[in-house]
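Here the protein sequences line up with chains V and E, keeping their order.
When we follow the working numbering, the leftmost residue of the first sequence carries the number 398, and every step to the right adds one.
When we follow the working numbering, the leftmost residue of the second sequence carries the number 269, and every step to the right adds one.
These aren't lab readings, by the way, just hints derived from the structure by calculation.
Among the hints, erroneous ones may be present.
Computed, partial: chain E to chain V, Cβ under 10 Å [said to hold, decoys possible]:
#1 F271
#2 V345
#3 A346
#4 G347
#5 E413
#6 L438
#7 V441
#8 E443
Even glycine gets a Cβ: it sits at the ideal position worked out from N, Cα and C.
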Amino acid sequence: MKKILIANRGEIAVRVIRACRDMGIGTVAIYSECDRAALHVRLADEAWPVGPSAPRESYLRIDAIIDVAKKSGADAVHPGYGFLAENEDFAAACRDAGLVFIGPSPEAITLMGSKTAARQAAIKAGVPVVPGTEEPLSEQTSDADVLAVAEGIGYPLMLKAVAGGGGKGMRMVASAEELPAALRAARSEAQSAFGDGAVYLERRILAPRHIEVQLLGDHHGTVLPFVERECSIQRRHQKVVEESPSLAVSPELRRRMTSAAAAVARTVGYTNAGTIEFLLDTDGSFFFLEMNTRLQVEHPITEMVTGVDLVQWQIRIARGERLDLAPESLLTPRAHAIECRIYAEDPDHGFLPSPGRIQGLRVPQGPGVRDDSGAYEGGDVPIFYDPMISKLITWGETRDHAIARMKRALAEYQVRGIRTTIPFFQWLLDDPDFKAARFDTTFIDRKMGAPGSGPLQVIDTAHEELAVIAAAVHMFTRPPARVATASAPVSQWQQAGREEALR
Amino acid sequence: MTFEIAAGNNVHTVSISRKGALLQVAIGDRTVVVDARRVGELELSLLVSTDGSARPVQCVDAALAAHKTAGDFDVHVAGRTIPVQVRLAGGFGRQNKVAAAAGTGPQRIIAPMPGKIVRVLVKAGDEVKARQGLVVVEAMKMENELRAARDGRVRDVVVVAGQSVDAGTLLLVVE
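Okay, chain V solo, but in the shape it has when bound:
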């Protein structure tokens, strides 16, 4: 393997480029119109255009990407996460073109990509699943039929897209009255997001934790699970903070969950990196939720507590190497790691996306801090893609130590010109229930919807005054040269400031 095409953008494309560089492998980036100067293009060895900015016309164009892979002489393709990462047609197209797809086989993607087939695979492996429908409910299934199935499962229940992911096409249904409207909404969302409106029903577990197990499988029959990740901190079913290990998982439970995860993967002959997601109930019972047949956004926390470079292993597995890591070491976390996903969203205005130019960027540094980012000062956050701009990961000797370092790093982090979710994490990390690890997947939506919950960022008088002083000093001392060249019209106060300075 001499040259890898990275069929993605943003921070994950940068992450894969870095792994390739560490291994002395050449990199081919692809870019859409608005991404010509994106960080992944600046860092790669080669970069090829694949079309206009809309994902459908560029990063989702299988034909265009395969064409670039052939023309550039790449011998393998890394899909990252999102876009085509879980698209079996893309994996098959790579294989047909003689390219190594750095991921599982198209057959495994197809099987585990169907939520209902994946549930059946888990059952076959002897792993418990959340009670629910075994067969998909197609778009033709009438409301009356769905209602009848729902009666058999019981309320409250979860309505989910068969092709789903990322919280899309997913609805909580509290009663039969809510079902028809939720069904319509979930089907239309699933149809537009995945081109498949089929859904299924699952009993809702009231206060579950979301615990997942990272796996690697090689082509010689070895499947190895890793210490769990705790991903219960979610907003609208999207993970926003992850940590490893979970305080809710004892060594004994870890052994059972990781063995169950490995059993599911072995049942389907899984290869490369994948993740089994579980719901963990308050009584310690756990249920298979789904499998993600790709690298996860939150993979760095596993890397931090095990010392394994997961992307590098994806590449090594894809070129046929044996997975010769010591199984016990992967299940023994070295201290604690935590990740915050930094989004270009304004948390004090309903998490509204905040695309635009990054006027200034100060990235946190120092002990135990890792920033996996696709951003740079002067760069743009386009409106076309997922608004996650970076992942901030900290490592500490204990959970408290990792959290303290995260707070320090967030205070250092400045992303100027756009709004980000940094204030949200500052609020979260000070929450007593979060600090005590007392939470489940409903935590954020419950806390943020609570009556009397004010703005996330509480600005006290002292800080407000410092901001006012800084603004006044900036205005008063702004160099006159900038006034002459500024694209904005010269304002009266600038004129007055200069006149005053001459006195």
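Given the coordinates of chain V, work out where chain E should sit on it, guided by the hints.
Using the frame of chain V, we list chain E on its own:
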């Protein structure tokens, strides 16, 4: 020179002058001495005197991001992001100053980015509560609900579901 600077729910009157190599800043009834170094086009290292002392020692690392309107900034200080509006003395006018301080006046709900109107949740004449959803806009792969900042009554609804809008398009007005 004297500025009026709106931050949070307050409009501060700030007078600033040179005092040798230092700056003297009067904010409300407090006066502080500031040692200012510009460390970037929009970045300042400030040392500020604390109460009862003329010695500037409190470290304030400040950076600004400019909004489109001249004088409007996000100020990044001590890990916080604080929006401010700076005007010359009298720049807000009497009425605007009151409005800026009290958060009154009609709310013009504007599309924050290009996108598509998915749903309009209110009609003209509806009474709405603070934080109530008004309109849902799809952009960046997500549906985003724009909400009322304060209680009020919907005056005009300018858009319909399905319509594409540019950033800055007026969607509706709540008074």
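Against chain V, with CB atoms and a cut of 10 Å, does the hint on L438(E) hold up?
violated (16 Å)
V441(E) as chain V interface residue, shortest Cβ-Cβ below 10 Å:
violated (18 Å)
Satisfaction of the A346(E) interface hint, Cβ to chain V closer than 10 Å
holds (6 Å)
Minimum Cβ distance from E413(E) to chain V below 10 Å?
This interface hint holds because 6 Å falls under the 10 Å limit.
Just to be careful: measuring from the Cβ of E443(E) to every Cβ in chain V, is the smallest value less than 10 Å?
violated (20 Å)
At a threshold of 10 Å, is the proposed contact between G347(E) and chain V supported by beta-carbon distances?
holds (3 Å)
Take the shortest C-beta to C-beta distance between F271(E) and chain V; is it under 10 Å?
holds (5 Å)
Under 10 Å is the threshold here; is the Cβ of V345(E) close enough to any Cβ of chain V for the hint to stand?
holds (5 Å)
The structure fails to meet hints 6, 7 and 8 from the earlier list, while all remaining hints are met.
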